[in-house]
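Given next are the chains, with one letter for each unit.
There are 4 protein chains.
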Amino acid sequence: MIGYRFMGKAHSHAYQDMPFFFHTEHIPVRKVICGRDERALREVADRWGWQEVERDWRNIVDRKDIDLIDVSAPNALHHDIVVAAAATGKHIFCEKPLSTTVTEAEEMVAAVEQAGVVHMIAHHLRKVPALMYARRLIDQGAIGQVLHMRALWTNDMAIDPEYPLLWRFRRDLGGPSGVIGDLHSHCIDLARFLVGEITAVVATADTHIKSRPVPEQSFDRPMGTRGEVTVPDESCFLARFANGATGVFEASWVAAGHKHGQRIEVNGTEGTFLFDFERMNELEVYLRRDPPSTRGFRRIVVTESEHPYISAWWPPGHGITYEHLFIHLVYEFMDALDRGAPPSPNLYDGLIGMRVMAAVESSVEQRGWVRIEP
Amino acid sequence: MIGYRFMGKAHSHAYQDMPFFFHTEHIPVRKVICGRDERALREVADRWGWQEVERDWRNIVDRKDIDLIDVSAPNALHHDIVVAAAATGKHIFCEKPLSTTVTEAEEMVAAVEQAGVVHMIAHHLRKVPALMYARRLIDQGAIGQVLHMRALWTNDMAIDPEYPLLWRFRRDLGGPSGVIGDLHSHCIDLARFLVGEITAVVATADTHIKSRPVPEQSFDRPMGTRGEVTVPDESCFLARFANGATGVFEASWVAAGHKHGQRIEVNGTEGTFLFDFERMNELEVYLRRDPPSTRGFRRIVVTESEHPYISAWWPPGHGITYEHLFIHLVYEFMDALDRGAPPSPNLYDGLIGMRVMAAVESSVEQRGWVRIEP
Amino acid sequence: MIGYRFMGKAHSHAYQDMPFFFHTEHIPVRKVICGRDERALREVADRWGWQEVERDWRNIVDRKDIDLIDVSAPNALHHDIVVAAAATGKHIFCEKPLSTTVTEAEEMVAAVEQAGVVHMIAHHLRKVPALMYARRLIDQGAIGQVLHMRALWTNDMAIDPEYPLLWRFRRDLGGPSGVIGDLHSHCIDLARFLVGEITAVVATADTHIKSRPVPEQSFDRPMGTRGEVTVPDESCFLARFANGATGVFEASWVAAGHKHGQRIEVNGTEGTFLFDFERMNELEVYLRRDPPSTRGFRRIVVTESEHPYISAWWPPGHGITYEHLFIHLVYEFMDALDRGAPPSPNLYDGLIGMRVMAAVESSVEQRGWVRIEP
Amino acid sequence: MIGYRFMGKAHSHAYQDMPFFFHTEHIPVRKVICGRDERALREVADRWGWQEVERDWRNIVDRKDIDLIDVSAPNALHHDIVVAAAATGKHIFCEKPLSTTVTEAEEMVAAVEQAGVVHMIAHHLRKVPALMYARRLIDQGAIGQVLHMRALWTNDMAIDPEYPLLWRFRRDLGGPSGVIGDLHSHCIDLARFLVGEITAVVATADTHIKSRPVPEQSFDRPMGTRGEVTVPDESCFLARFANGATGVFEASWVAAGHKHGQRIEVNGTEGTFLFDFERMNELEVYLRRDPPSTRGFRRIVVTESEHPYISAWWPPGHGITYEHLFIHLVYEFMDALDRGAPPSPNLYDGLIGMRVMAAVESSVEQRGWVRIEP
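Protein chains in written order, with this note's numbering: chain A, 1 to 374; chain B, 1 to 374; chain C, 1 to 374; chain D, 1 to 374.
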């Protein structure tokens, strides 16, 4: 595993816990964790059960005793790691967004396809039981033909103007996409999962909080001064889907009161469903096929053994949460290795997501609709 | 109409508005309103559309040009008014609780039955469309055999210890029942409406706030001093129903945060429903007959034309509220006069409610279970 | 009053009930109601308390014994009625949308201003206590500077493809705006009330259900055939506000499960509020000024005497609903006459709303952003 | 660890995961797991990371290389295991309920106290961050003096009359307490944690579903026949607390629609809080000290780093769930060993809980109030 921050914690835990709950022939072994700050790395390696630490990712790529590379490093490194690791036949488990440009993403997909390795992108939201169940309802025709989707992901992570000017707020350090790459990326992937391909977008992007204090660790500006925020902290877009549905997307780091404010509504000709990540074990569903006087949004607690993944977990009503989604991803990856079949979502899904995000950014610059070529 | 306070306002408005929304042959005419404070009375008479005012209710009872007496006077007067009015052949529309003792209530029922007049008690909650619809679901067997009911009515009307020592807090002025007569009375009636007769109870009754400042209008104690609260401000009881179901009841004036906190849950062998008066147009219903994976509490917005009374009102989603329940009561009374059939609930329902309340009070004194004889 | 359908019912009731709850010197008298179907008109006139009926609105405009004209007629007639009525010095209470074109709306505003009459537009949502209270919170700075607003109004009125091809689905009969004039119109007005002027929009408009059965009353096509729906049944738009905030708007007649699905979220630098018309007496508010560990969305039941209009109504928790908003409008109009001051919102607000709607329609045609000139 | 069913899974996982998230000097080592069915035992031992398996718990008690015994065996064995293990100086982590009789429980407490070992009872609900935070609010006086508590735990585990006659439905196999020991036990412990000691109770207990099909594994009756359910599937009780507060408790296995339906309300003189286990990361709090017009139940998402335990987990809004509560218990136990201080709750808490449950059962038999002697 390359990377050892927040995502490193979630992935490491998933490698540890997956075999406790699921059966697969392939079992992950936490061989070596890679990062630049050796002291911090050693501490988490012990805690998270990694056998070795390593400072240069290139040393890992060449090792014969390693079959799978987990790419949890900063986005700007994804391309080089994936291309090099695929070349030596390593399977790839890559964090999102796939890369920083569409061209890079295309090269990465080409690399894994040419190498024939198994690859997956860590869009954990696809593995929420309530959303997998929503997809099943759509596939079964329970809500008919989809007409409209709303996908919001707003939080208030950055609403305090005194919150520091971290790398993610600087175009030169974290790329230009800001809240687009951080939050829209997930909702775009879910929209593809639930509704289908997006063909055109028109977007806004705003930087509501325009400057922030320079933090201690920044070396190019005096600490205590304020530096300019050069990426958007809010973005909205309208979308067209290939199947004729319309989409509305919102992403914000400055929406007071929302913590993990991912909320989805999908309207079809025969019904509607609503999802709110802060109540992750619930799906609200309205079905027109119910008798008129008893129609209503039903709050389904998606913790019955009939629901996706739940039989591995706990009794009805006990629920799962954020960290379990990564366990589901790891399970799917191991299961794919067992079966010799490709897991989902994969790097190609990551590439399509990159194209939609690029179109969103382009729409902001061009002040108009932008088509996404298939 | 005898009485002109809060209930007088709700009733007067119902007489005014009923013909706007409903068709009946009998139409209420607001002839004369009766009360002791002539100045206050004149003001509301004009505003509420009454033709005359009167200070002594006995003068009304004898009038030949009056067919119906609305008894919204203080509880202690109900008995004498009803008995006198029935004797001169007046129809009776009486506020709850029916009277202050079971004996009085029995005499009142005897009086109206002997006189053969039409009589109704103003339990407006029976006329909530969501609760009428709940009753219909029970009758249709949608939730199977009822096993359990919880009926809460808690508010924070009196949670401030500086809230004055009004008559309702004094046993000598308002009777001993306090929160029992004020709030349990409604829930007991609803329990009978939805589940059936109560056969035994065991209860608590507490006075959490033991003294309150004497208000200006009190003449028997110096203003500015504090007087003792001599009625309960909270009461809970367990109940047995004739059909084997169990019941849990709570009433409180000191439950912080609740305003019209009337909440009901009924569990049956095939389903459950939940009601919260603060969301009066909604009923939450769980039906076991739904397929397992789509079972959930559905929030039915009870504003469709198929739902009780709604076709007289507004389109779906617009809803009705408190005051409309009195319009429904008046409609039912006029409709009963049209059809020559007795309306529901009537004074006999009021009497049964009195018996259950008496048993609750008796259980507190005796510290044990008390049976209610049928 | 000219018009006697759904809005006629709501307005008539408001004229009847306003004096029961509010004090004003001017009191509405229901003089004459005007419409084309005399039999239907006579029936509602009796029920709704109108003294006379009239078939030609021109006869009313000239009457000396009439001071105020209520324009609840079809939209296409608004312009001619208002211009004629203003010319004879009548005060104007006009339903929304103000007219069918911006040019007409400009002429109407010019007419009432030249005549110096008092005029109001019936945007009843401005008179929801929870939304007036939200506006007060904004004015007090409780949520800081507004950054973003979402205003949804979706219902499922027309989701059934067998729902008939009423005039509102036909561009030739009801104008081209469809769901834009029906639903966006309200949200645009509320956005102006809560956030400020809109300066640019980019929109979609779709007709998801493309044909409907021709109803009996249609005379230009054979009954039993299906005719084309020529107005949008869904529209979304992104907006820019003059103060830098962004806006997201959705309107739909085909969103399964929503009845009066008007939902608003406003995010400011210091807090957020949420409103849902189906729970009209509640406002959810998040305030960053609360201590960190106790921050949360608080569900304020807007029924305390401190809240707007509530002291005229019922005790805490009892609530009001749709019809009361028209009573508030009538009260404001009468109060404006008492004080000689202009009521709000007025025909000028209606005109600005027309300009935004025209920009939305233009954006759909031009497939891009459209600016609204102040 | 003795026992390997549902609780064995939750405990084993907690031993595995605790060191991943928390720092303690003492670290649990999964040495040996004990049960009677060797094949089933071997399978879970591998999956759950236990080094050895053992069929007779007496062999474990004597081992020198074991410091702590986890008692997850059937209730009827708790007493003998704990007494024997304490005698050899083992620390004790015991599942609830503590034992099957008050006398046994007293002997167990005496045994651990005499041995001077560290002991804990696995009341995991005390370790819900939202409830620990609720306790902190009470301690800080945020809701004033507690007046009333309602503690419901209802589910529909056994609502299907075809659900088999497992041991828990048979008095001869699982003891007489049924739903009392299964569900009331938790709520009684929480009541003590949040409000204080219970001094008297009056209770109902019902067996609504009176017979069930005999399952395969039963050997004393022919399979395919129905056997009698001899324990209650529903119980309600009223309680008195030492501090004057009142309590209402409900437990049910036959409440349609509830899965993990544990709901708590506590009313104090200055505020109220509400908790629902199905939304475990939320606490609803009403504070009278808020300004009147902004008072409301605030939904606090208890996932901020200021909230109990959360800093060890994930960012705001991500939440934790059922299994994490056992990790908190294990952390507290190890932390107690580090500090040489007793953990909470311990076996004495288990004993008091037993006394209250015994009083509930006694109240059903005696049909009246029963006092609990301190």
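By construction, these hints were calculated from the structure, which means they are not laboratory data. This one's a predicted model, so the numbers in the text were calculated from it and none came from an experiment. It cannot be assumed that every hint is accurate.
Only part of the chain D face toward chain A is listed, based on derived beta-carbon distances under 8 angstroms [said to hold, decoys possible]:
#1 His-13
#2 Gln-16
#3 Asp-17
#4 Phe-20
#5 Gln-51
#6 His-260
#7 Arg-263
#8 Glu-278
#9 Thr-303
#10 Ile-310
#11 Ala-312
#12 Trp-314
#13 His-318
#14 Thr-321
#15 Tyr-322
#16 Glu-323
Beyond 12 angstroms from chain A on every Cβ pair, some chain D residues (computed) [to be verified]:
#17 Val-83
#18 Glu-106
#19 Asn-346
Glycine included, each C-beta is placed from N, C-alpha and C at the ideal position.
task = Report holds or violated for the interface hint on D/Trp-314, using the least CB-CB distance to chain A and a cut-off of 8 angstroms.
result = holds, 6 angstroms
ask   = Holds or violated: is there a CB of chain A closer than 8 angstroms to the CB of D/Asp-17?
value = holds, 7 angstroms
request  = Identify whether the interface hint at D/Glu-323 stands, where standing means a beta carbon of chain A within less than 8 angstroms of its own.
outcome  = Where the cut-off is 8 angstroms and the nearest Cβ of chain A is about 7 angstroms from D/Glu-323, the hint holds.
task = Could you check that no beta carbon of chain A comes within 12 angstroms of the beta carbon of D/Asn-346?
result = At roughly 25 angstroms from the nearest Cβ of chain A, D/Asn-346 sits farther out than 12 angstroms, so the non-interface label holds.
query = Going by Cβ atoms only, is D/Arg-263 closer than 8 angstroms to chain A?
reply = Not OK, violated: D/Arg-263 not within 8 angstroms of chain A, min 12 angstroms.
inquiry  = A closest beta-carbon separation below 8 angstroms is what the hint needs, so does D/Thr-303 meet it against chain A?
reply    = holds, 6 angstroms
key: D/Val-83 remote from chain A - nearest C-beta pair above 12 angstroms   = holds, 31 angstroms
task = Using 8 angstroms as the Cβ threshold, decide whether D/His-260 counts as touching chain A.
result = holds, 3 angstroms
task = Compute the least Cβ-Cβ separation between D/Glu-106 and chain A, then decide whether it is above 12 angstroms.
result = D/Glu-106 is indeed farther than 12 angstroms from all Cβ atoms of chain A, at 32 angstroms.
query = Can we keep the D/Phe-20 interface hint, with Cβ of chain A closer than 8 angstroms?
reply = holds, 6 angstroms
request  = Grab the minimum C-beta distance from D/His-318 to chain A and call the hint holds if it beats 8 angstroms, violated otherwise.
outcome  = Check passed: Cβ of D/His-318 comes within 4 angstroms of chain A, closer than 8 angstroms.
ask   = Does D/His-13 pass the interface check with chain A, least Cβ-Cβ distance below 8 angstroms?
value = holds, 6 angstroms
Against the hints set out earlier in the document, violations occur for numbers 5, 7, 10, 11.
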